[in-house]
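*Asks:* In case you want the letters, here they are:
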Amino acid sequence: MSILIDHRTRLLVQGITGKEGEFHTQAMLDYGTNVVAGVTPGKGGEWVFNGKIPVFDSVKLAVEATGANASVIFVPARFAVDAIFEAADAGLPLIVCITEGVPVQAMMRVRSYLDQKGTRLVGPNCPGLLTPGQCKVGIIPGDIAIPGNVGVVSRSGTLTYEVLYALKLLGMGVSTCVGIGGDPINGTSFLDTLALFEKDPQTEKVVLIGEIGGSDEEKAADYIAQNMSKPVAAFIAGQSAPPGKRMGHAGAIVEGGSGLAADKIKALESAGVKVAKHPEEIPTLF
Amino acid sequence: MKLHEYQSKQIFARYGIPIPKGKVAATASEARVIADELGSRVVIKSQVLVGGRGKAGGIRLAKNSSEAEDLAAQILTMEIKGLPVRKVLVDEAANIEHEIYFGITNDRAARKPVMMASAAGGVEIEEVARLTPEKIFKVHIDPLLGLRDYQTRDIAAGIDLPREHWKTFGTIARGLWQAYVDCDATLAEINPLVITADNRLLAVDGKMLLDDNALFLHPDLSEMRDLDVEADSEIEARKYGLSFIKLDGNIGCMVNGAGLAMTTMDIIKLFGGEPANFLDIGGGASSDKVAAALRIILADPNVKAILLNVFGGITRCDEVARGILDALSEINTKVPMVVRLVGTNADEGREILANANMITAVTLVDAAKKAVAVANGELVQ
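Protein chains in written order, with the working numbering: chain A, 1 to 286; chain B, 1 to 381.
Read the hints as simulated data drawn from the structure, not as lab findings.
It should be emphasised that the depicted structure is a prediction, and the values quoted were computed from it without experimental measurement.
Note that CB positions come from ideal geometry on N, CA and C, so glycine has one too.
Where hints are given, some of them may not hold.
To be clear about the criterion: a stretch of chain B counts as covered by chain A if any three or more of its residues have a C-beta under 8 Å from a C-beta of chain A, and this derived list gives those stretches [said to hold, decoys possible]: (1) 21 to 32; (2) 103 to 110; (3) 211 to 220; (4) 242 to 253.
To give a feel for the contact side, a few chain A residues facing chain B, derived at Cβ under 10 Å [claimed, not checked]: (5) Arg-109; (6) Ile-212; (7) Ala-250.
Could you put together the complete structure from these sequences and hints?
*Replies:* What follows is the structure, encoded as structure tokens:
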């Protein structure tokens, strides 16, 4: 087992004919992901990737024709919000938005709408998901993780790759890796993902990779203290970040004295989580 | 992105929020002309993007236009928390009976906008929140429904605003909400909203923060950006689509990905060094972007060593390596470099840099330790 994606995932790519969409669709296909359709408005009827994947004008048409059950979004920020609404309205239960730079107020409207519909969104501004050996949705390099029993959840991209790679070097495999994204308002939270890992029989331990800004790590700590039976190790990036500055990710900012790395580490440690001093230490904490 | 007080208040006025009569001046003589036009006591307010202007002497009351000219002349030569005062706002002075705090911001935890008001206005709301949180009345707004009239009445009642002001307060609340939505603000704040001696509501100060991610929707607002708050290197970096923040240390960092860039700074500090910057070259960084990044780092004379840490995913290590060589062919530097390349095309990247006289590292810990040692002159290339 795994969470959210596996060999049964039938993936649709929104923005499949764009530069990023095309490049990463190839990588997902190479990994063995079952990409069943692409959507690019105005290019419906074309076939791409040597005639293997049909392109549709809308998500609704693509779902009707192919039975897609998940979507990954590679469209530019200007169009990403509409792409999420379209995927939700077509009834897809899982939407993964890779796009960076989505306006925050628009994301609040998206969240409010998706919560009412019960649609799960991962991201935006995230690297996506990887269930090693089965399915890759997004941009996480496939060769840096092997199948196993560690669940990984992270707000970051390349920092996650560091951790996956460190686990692999010690022969530790991953059940599913979930990149929830670096924006202040996102779809799936740490807490949501931890709940899924707690229920997943394949996952025996969990790595949480957080960073400065917001209070999601503190909420996760509360959840871990009260609900998790599986051991959790963590790393929090941004201990040396100056206050008031946005550290690359839109959500990575210490504002008015809140969102500090030290507070997050303290909350996690008091919930019994072992917090690593640096990412390469994580695999040694279990 | 931060807007100045005068810019924020001009926006508020467009949404029907009453603001004092006033204009912006860049010189003392302009300030005098404005004060003459207003023909009353005026407040001279420095327009700089930091808090604590009043305490620093950047907000002064003038009885007449010649005093206004003198005070403006003084304030326009000031620096407040390192920022030069280039403009002053000359506002008609209000006779203040009572000060209220009123603002809207994004509540990250609730994932909704929150409207906040407090009868304890005029002081920093963070202070009120810390010391007497019960004095802040909050209402969350469904972003799909928008602000409803009953919510504005709830807020008015919640801060014990006299009923005679509820109607005007409703207008101000709707205006503030619409300004916040239309500008894609992350904060729209009136502090204080005052009740004047002649019993009017007036927004005497205003502040707006805008969502950087939404600026592409608002070219007119983007043009209001004040470049004084950013280091030259940060402005230069933005041109190349690089995310760069200048810091005070001596180890320059070049990393792909924001989380890994923060982690690289943290680990340098963990092993006793000080990072000179935060720098994310982004996903899929091309070689000219990498070259620009290297130039920006090397422009800082404090930099004694550079740590290049790239975990190739979308970013290809060979492309980064080529960018480094390109930059080094233009810039003559003796600053030593520690290089760690992992992931996509790492072997090719290492090969490209093999003859470039760089210190290589395999793990992150190894790279950080070497960078610290090099910066301290303990390890030589």
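*Asks:* Against the structure, test the hints numbered earlier, and report the numbers of the ones violated in rising order.
*Replies:* Hint 1 alone not satisfied by this model.
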